[in-house]
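J.: The numbering of the sequence shown is the working numbering, which starts it at -4 and goes up by one.
A few of these clues could be false.
[As the list claims (entries may be wrong)] The calculated lysine-lysine pairs, modelled on DSBU-like cross-linking and capped at a C-alpha distance of 30 Å, are:
id, residue 1, residue 2
1, 60, 121
2, 89, 60
3, 89, 43
4, 43, 60
5, 89, 121
Hints are computed from structural coordinates only; laboratory data are not their basis.
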Amino acid sequence: MSGVVEAALAELGLTVPQVVPPLAAYQPAVRTGVYVYTAGQLPMVDGKLPVTGKVGAEVTPEEAKDLARVCALNALAAVKSVAGDLDRVARVVKVTGFVASASDFTGQPAVLNGASELFGQVFGDKGVHARSAVGVAVLPLDAPVEVEILVELVAD
């Protein structure tokens, strides 16, 4: 483990996981200048989804919030894979979350708080970000939640 960010994660009982391998023709994260864009990260744990289905039907909003937190951890792993060290993150700029939703489910923002709250806990003021929470019909592998982030790095 290295650095302030990973120490903050450890205080929460968390560690940065291994990068989730791509499911198709893309990279988990791409750096351009001082920005890192991640691909959408599913809540994969040890190579599989712990839960599948629609939020508000097979998956409770509370479960989905926890899964959004897992997605956020996977996004941090993707950032670390191209930045080298999470302490290089100057700011979490944008979080975009997708929630596979039952037709009457409207609690997408609360689900995405699982990711947003983690970024705040780990990065403090640097974790405050813009965000979109989008309800969708279905996600890859029948995942309940997917999260992508944009972070700004400290200039080299």
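J.: Hint by hint, work out which the structure violates, then give me just those numbers in ascending order.
T.: As far as the earlier hints go, not one is violated by this structure.
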